[in-house]
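Following the hints, complete the assembly by docking chain P onto the known chain R.
Line by line, the protein sequences give chains R and P. First residue of the first sequence: -18, per my numbering; consecutive thereafter. First residue of the second sequence: 885, per my numbering; consecutive thereafter.
Quick caveat, the hints were computed from the structure, so don't treat them as lab data. Just to be clear, a hint being listed does not mean it is correct.
[To be verified] Here are the computed distance ranges between Cβ atoms for each label pair:
1) Lys1105(P) to Met12(R): 26 to 34 Å
2) Ala185(R) to Gln939(P): 51 to 59 Å
3) Gln923(P) to Phe145(R): 30 to 38 Å
4) Gly171(R) to Val920(P): 40 to 48 Å
5) Lys1068(P) to Val77(R): 41 to 49 Å
6) Glu103(R) to Pro898(P): 15 to 23 Å
7) Val1018(P) to Ala8(R): 33 to 41 Å
8) Tyr922(P) to Leu176(R): 39 to 47 Å
9) Phe145(R) to Ala996(P): 21 to 29 Å
10) Glu103(R) to Val1059(P): 51 to 59 Å
11) Ala1055(P) to Gly86(R): 37 to 45 Å
12) His48(R) to Glu1031(P): 53 to 61 Å
[Said to hold, decoys possible] Selected chain P positions facing chain R (in silico; Cβ < 8 Å):
13) Gly908
14) Thr925
15) Leu937
16) Gln939
17) Arg1021
[To be verified] Derived list of chain P stretches under chain R, where covered just means 3 residues or more per stretch with a C-beta under 8 Å from a C-beta of chain R:
18) 913 to 923
19) 945 to 951
Beta carbons: idealized from backbone N, C-alpha and C, even for Gly.
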Amino acid sequence: MRPELTQPITMDTFLRGIWRENPVFVALLGMCPVLAVTNTATNSLAMGVSTLFVLVCSNVLISMLRHFIPKQVRIATYIVIIATFVTMVDYILQAVSPVVYAALGAFIQLIVVNCIILGRAESYASKNPVLSTAVNAAGMGLGFALALLMLGSVRELFGMGSLFGVPVFGDSFQPWLVMILPPGGFFVLGAWLLLFAWWRERKARKAIVEDAVHAG
Amino acid sequence: MNEQPIVFAEPRTPSSFALIRVLGLVALISGLLIVVVYQWTLPTITEQRRLALEQAVFQVIPGASRLTGYVVNQDGVHAPNSGASGRALYAGYDADGELIGIAAEGAAQGYADTVRLLYGYSPECQCVTGFRIVYSRETPGFGDKLETDPAFLANFEALDARLNAEGTALANAIVTVKHGTKTKPWQIDAISGATVSSKAAGKAIGDSAQVVVPAVHRHLKAEGQL
Chain R
-18 MRPELTQPIT MDTFLRGIWR ENPVFVALLG MCPVLAVTNT ATNSLAMGVS TLFVLVCSNV
42 LISMLRHFIP KQVRIATYIV IIATFVTMVD YILQAVSPVV YAALGAFIQL IVVNCIILGR
102 AESYASKNPV LSTAVNAAGM GLGFALALLM LGSVRELFGM GSLFGVPVFG DSFQPWLVMI
162 LPPGGFFVLG AWLLLFAWWR ERKARKAIVE DAVHAG
Chain P
885 MNEQPIVFAE PRTPSSFALI RVLGLVALIS GLLIVVVYQW TLPTITEQRR LALEQAVFQV
945 IPGASRLTGY VVNQDGVHAP NSGASGRALY AGYDADGELI GIAAEGAAQG YADTVRLLYG
1005 YSPECQCVTG FRIVYSRETP GFGDKLETDP AFLANFEALD ARLNAEGTAL ANAIVTVKHG
1065 TKTKPWQIDA ISGATVSSKA AGKAIGDSAQ VVVPAVHRHL KAEGQL
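Okay, chain R solo, but in the shape it has when bound:
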């Protein structure tokens, strides 16, 4: 049996995945779908929601079975559980939107090996009660989905001049094609990371100045 953690459920349990421990912008996890499928906002949203669904459902089931799963077979068990929910998403997406399914290609099936999901299962769901796990996984999943959407929106806006397929700029707009190609993924991710790093540094500098003022 694995050690049980009894952390109270607070707002931070949910919010840490969105901001302080954001899987994309802070932990730099799940880079494969982050760079590959964020060429449009629709694809980003579909991948984000699919990952959110798999993350929450698989982590809740793992948390429910945590006293029952011996540590010797835990990784094999987690992978089977995650693969189950990925297969379910695969069928549901084919039924709901074949166009989005075709656009996402193999990346839906590759959610099975997304390190965010297995990482959460190992470090949180296997040690925490169901409710706390559900809240934490929802925060992490939402943080991942929002990050994908932030990348996808910028790439589609500059690469196609549209947002969710709706033209934003006039006919005279010349699409910046590199944004929807692989280099555009690296470029936009780098730009977002630069922005967040600048913002954090600015906040830290402000805090030091305020401390100095209070002290002096």
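Leaving out everything else, chain P in the frame of chain R:
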């Protein structure tokens, strides 16, 4: 002083049976969940695929109001339930039941992956009348111009696909040529900057037409429709 040896407690190890039992139970839950969702979504997925295919066929055989599916191979045209293997073929008929066109599948390796398409063929003019991409992962902004570039689409207004005198093959193989060098009606003028994707579309249609067109004409002659 009498020192006692330190004894470490052995971690409890579950039996092999317990490990197999857990894995078996998880696999059982997994199987049940997957089968339930599969059965639940199967009718919708089948219907979505049928609609997408039907839409593509009607687009490459404009004016068709009824379709009939067949399978075509080197031996000829077969009914879909005959057990014959080969390419899927769709015959489009107008409201009076007259054959107005054929739609057939073609595939060839593109820049990123295989390009799969459905093209229309008119037995009357012995020409390819259009195509529709069914599957493509070509580079956005370049390779995906296959269906949107007006100059490229103009190649397929009446792309020559006449049979040779023996009726065994195309008189002239359909080929894709470099942008701006088209001189013959069976040549496809490539898109500038997307030559590999253009060649894939041309090869998909050309290779398929070499099998489909002779078989269709033999079948139509045997049926007395030509």
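Of the hints stated earlier, which fail here?
Violated hints (numbers, rising): 1, 13, 15, 16, 19; every other hint is consistent with the structure.
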